[in-house]
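Peer 1: Those protein sequences? They're chains V and S, same order as listed.
Read left to right, the first sequence gives residues 238 to 343 (my numbering).
Read left to right, the second sequence gives residues 32 to 487 (my numbering).
It is worth saying that the hints were derived from the structure and are not from the lab.
We put the CB at the ideal spot given by N, CA and C, even for glycine.
Be a bit skeptical, because a hint or two may be false.
[Said to hold, decoys possible] Just the calculated beta-carbon pair ranges, DEER-fashion: (1) V:D326 to S:N441: 20 to 30 Å; (2) S:E34 to V:A239: 54 to 64 Å; (3) S:F44 to V:N240: 40 to 50 Å; (4) S:H112 to V:K283: 20 to 30 Å; (5) V:T270 to S:K433: 56 to 66 Å; (6) S:F44 to V:Y267: 46 to 56 Å.
[What the hints assert, rightly or not] Straight line, CA to CA, 35 Å or less: simulated DSBU-like cross-link-like pairs of lysine-lysine: (7) S:K57 to S:K133; (8) V:K283 to S:K346; (9) V:K283 to S:K337; (10) V:K283 to S:K380; (11) S:K433 to V:K327; (12) S:K434 to V:K327; (13) V:K327 to S:K257; (14) S:K57 to S:K106; (15) S:K462 to V:K256; (16) S:K65 to S:K380; (17) S:K380 to V:K305; (18) V:K305 to S:K339.
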Amino acid sequence: MANLIVKLHDIAHARAGDKGNRLNISLIPYDGTHWPALLEQITAEKVHQCFMHRGATHVQRYELHNLKALNFVIDNVLEGGVNSSLNLDKHGKSNSFRLLDLEVTI
Amino acid sequence: MAESILIGCGAGFSGDRVDAAQAIVKTLISRQKKSVLIFEMLAERTLALGQLAKNQNAQLGYEPLLEDILTPILKDCVAHHIPIVSNFGAANPSGAARLIQKLAKEQDIHHLKIAVIEGDDILNKINLSELQIWEGDLELSISADDPIAANVYIGAESIAQALTQGAQIVVTGRVADPALTVGPVVEHFDWGWQDWDKIAAATMAGHLLECGSQVTGGYFADPGYKDVPDLANVGFPIAEIFEDGRVIISKADNTGGLVSIQTVKEQLLYEIHDPANYYTPDVILDITQVALTETGHNQVELTGAKGKPRPDTLKATVSFMGSWFGEGEISYAGQNAGNRAKLAANVLKERADKLDARFDYRLDLIGAVSVLDSNKADLLASMPLNQLTDVRVRMAVNGADKKNVERLMNEVNALYCCGPAGGGGVRTSVKSSVRTVSYLVPRSLISTHFHFIQEN
Numbered sequence: 238m239a240n241l242i243v244k245l246h247d248i249a250h251a252r253a254g255d256k257g258n259r260l261n262i263s264l265i266p267y268d269g270t271h272w273p274a275l276l277e278q279i280t281a282e283k284v285h286q287c288f289m290h291r292g293a294t295h296v297q298r299y300e301l302h303n304l305k306a307l308n309f310v311i312d313n314v315l316e317g318g319v320n321s322s323l324n325l326d327k328h329g330k331s332n333s334f335r336l337l338d339l340e341v342t343i
Numbered sequence: 032m033a034e035s036i037l038i039g040c041g042a043g044f045s046g047d048r049v050d051a052a053q054a055i056v057k058t059l060i061s062r063q064k065k066s067v068l069i070f071e072m073l074a075e076r077t078l079a080l081g082q083l084a085k086n087q088n089a090q091l092g093y094e095p096l097l098e099d100i101l102t103p104i105l106k107d108c109v110a111h112h113i114p115i116v117s118n119f120g121a122a123n124p125s126g127a128a129r130l131i132q133k134l135a136k137e138q139d140i141h142h143l144k145i146a147v148i149e150g151d152d153i154l155n156k157i158n159l160s161e162l163q164i165w166e167g168d169l170e171l172s173i174s175a176d177d178p179i180a181a182n183v184y185i186g187a188e189s190i191a192q193a194l195t196q197g198a199q200i201v202v203t204g205r206v207a208d209p210a211l212t213v214g215p216v217v218e219h220f221d222w223g224w225q226d227w228d229k230i231a232a233a234t235m236a237g238h239l240l241e242c243g244s245q246v247t248g249g250y251f252a253d254p255g256y257k258d259v260p261d262l263a264n265v266g267f268p269i270a271e272i273f274e275d276g277r278v279i280i281s282k283a284d285n286t287g288g289l290v291s292i293q294t295v296k297e298q299l300l301y302e303i304h305d306p307a308n309y310y311t312p313d314v315i316l317d318i319t320q321v322a323l324t325e326t327g328h329n330q331v332e333l334t335g336a337k338g339k340p341r342p343d344t345l346k347a348t349v350s351f352m353g354s355w356f357g358e359g360e361i362s363y364a365g366q367n368a369g370n371r372a373k374l375a376a377n378v379l380k381e382r383a384d385k386l387d388a389r390f391d392y393r394l395d396l397i398g399a400v401s402v403l404d405s406n407k408a409d410l411l412a413s414m415p416l417n418q419l420t421d422v423r424v425r426m427a428v429n430g431a432d433k434k435n436v437e438r439l440m441n442e443v444n445a446l447y448c449c450g451p452a453g454g455g456g457v458r459t460s461v462k463s464s465v466r467t468v469s470y471l472v473p474r475s476l477i478s479t480h481f482h483f484i485q486e487n
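Work out the full structure: start from the sequences and follow the hints.
Peer 2: Laid out in structure tokens, this is it:
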């Protein structure tokens with residue numbers, strides 16, 4: 238079967254939450270059969286690249302095999318966070334949909 | 032049927048819907064089980080805003096919407112023995128309790144037992160320079176100014192004690208959000224405070240409830256991908272916690288929204304960093320072994336929460352007066368709007384850089400790229416502008432001197448006459464901001480207690 242390249246948004250959902258200058262984004266496949274593809278392809282490095290323009294300094298990926306979910310913790314990505322960010326979205330809530338713009342091969 | 036307790040949540044932040052709790056209360060009454068109603072209303076800086084309000088008027092400093100929230104449901108809760116537990120006391124729990132007393136009198140409710148929890152406020156009581164800064168805030172510059180508020184996230188023990196002694200309302204200031212749930216649950220089952228897996232289960236339930244509708248279809252809908260029925264009437268959540276630590280999440284009857292494996296997974300991970308080590312004052316929660324099962328329509332069961340002994344330090348949020356924050360916007364629409372908007376942004380940049388003053392600013396083209404971009408507009412640089420027909424230029428400014436910030440807002444306003452063709456709809460605002468830093472406080476320095484407010 239030919240490999241198919243799709244947007245993460247087609248096969249997974251995500252939610253962003255902030256604490257200080259740190260953002261976490263969960264990434265959850267709709268269908269468990271796509272879990273291995275996420276595990277293999279959506280690495281901490283790839284997510285770091287995705288938020289490099291915002292000055293992210295470190296990305297930690299946590300794997301929740303029981304729930305089939307990934308949790309990315311992205312440091313210093315909020316340009317000051319709720320405290321001092323000049324961004325219209327100081328909490329960074331919209332960034333889950335930037336993550337979902339990444340491509341994945343299924 | 033194992034013995035259980037229902038915890039309904041009527042608010043997930045300060046400013047949440049004031050009519051959400053009525054459907055929750057109706058549902059709790061109809062289910063005819065031991066029930067408690069909670070409201071979570073304190074974000075990181077809400078308490079600082081309360082402290083500023085209290086500085087102006089010593090009677091204030093509690094949740095501004097308190098009266099609107101309680102008036103429709105107080106009588107039913109009292110009549111049906113549903114205690115109310117909330118951090119709506121903010122910077123002035125005693126003031127909130129006095130207002131509730133007044134509301135009760137107006138509704139002919141007598142001898143209401145209102146408990147006030149104290150011990151979270153450490154302003155002027157602990158020397159900040161002796162405390163460690165929380166790891167996520169290490170890169171923040173620390174203000175030399177006096178803090179305007181300093182509060183520790185305290186645990187659930189005083190809430191449980193107050194309920195044991197018959198409190199019908201428990202008013203707190205800063206507590207850990209899940210503690211609003213953990214207190215009533217531990218009190219109900221008479222669990223030990225070292226029964227870590229049980230405390231973990233209650234904490235997980237509290238974590239799922241604490242943002243209100245975020246577990247019942249709020250902050251979730253994505254049309255065509257994640258559809259939510261009747262979002263305009265999204266129902267708020269109810270957690271049923273069982274003696275064995277099982278948790279079932281559902282929502283108020285006859286409301287919109289959705290409880291599904293997906294909504295619960297998203298909220299379970301919301302604002303979680305290491306899922307094996309979620310620090311709260313009452314337990315370190317591990318959700319890595321949690322299993323979810325859909326047990327009915329809009330009903331999800333969670334099992335497998337694990338707990339580790341509670342940490343020796345508590346987190347404190349300390350707030351300082353921040354800088355002045357200005358925002359100004361102007362719209363360009365129709366033919367060549369993108370390029371006219373870009374020209375307007377360039378004009379603002381040139382005018383700002385000419386000023387001999389210290390401030391930070393940022394320019395966005397809303398409709399091209401804004402919230403996902405960086406302060407340096409890296410994404411905008413590669414964005415084609417020719418096809419755009421409705422773009423709003425936004426300038427945001429942070430500065431210590433209000434005059435400078437106002438001056439830049441004047442520059443946005445001046446684009447009416449001095450900017451590109453067809454610019455309209457200028458709005459500007461200048462506000463003071465509050466900034467917060469999180470510290471770690473040794474538990475041994477904190478003691479919490481409660482007292483009942485006496486009837487006048």
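Peer 1: All hints, please: hold or fail.
Peer 2: The hints, checked one at a time:
1. V:D326 to S:N441: 20 to 30 Å: Roughly 26 Å apart at Cβ, these two residues keep to the hinted range, so it holds.
2. S:E34 to V:A239: 54 to 64 Å: 56 Å, holds
3. S:F44 to V:N240: 40 to 50 Å: Because 43 Å falls inside the window, the suggested range holds.
4. S:H112 to V:K283: 20 to 30 Å: 53 Å, violated
5. V:T270 to S:K433: 56 to 66 Å: 57 Å, holds
6. S:F44 to V:Y267: 46 to 56 Å: 28 Å, violated
7. S:K57 to S:K133: 24 Å, holds
8. V:K283 to S:K346: Answer holds: K283 (chain V) to K346 (chain S) is near 32 Å, not above 35 Å.
9. V:K283 to S:K337: Holds - the C-alpha atoms of K337 (chain S) and K283 (chain V) are around 31 Å apart, at most 35 Å.
10. V:K283 to S:K380: 33 Å, holds
11. S:K433 to V:K327: 21 Å, holds
12. S:K434 to V:K327: 23 Å, holds
13. V:K327 to S:K257: 25 Å, holds
14. S:K57 to S:K106: Given pair K57 (chain S), K106 (chain S) holds - Cα atoms ~12 Å apart, limit 35 Å.
15. S:K462 to V:K256: 22 Å, holds
16. S:K65 to S:K380: 61 Å, violated
17. S:K380 to V:K305: Given that 35 Å is the threshold and the Cα spacing comes to 47 Å, the pair is violated.
18. V:K305 to S:K339: 23 Å, holds
Violated hints for the displayed structure, listed by number in ascending order: 4, 6, 16 and 17.
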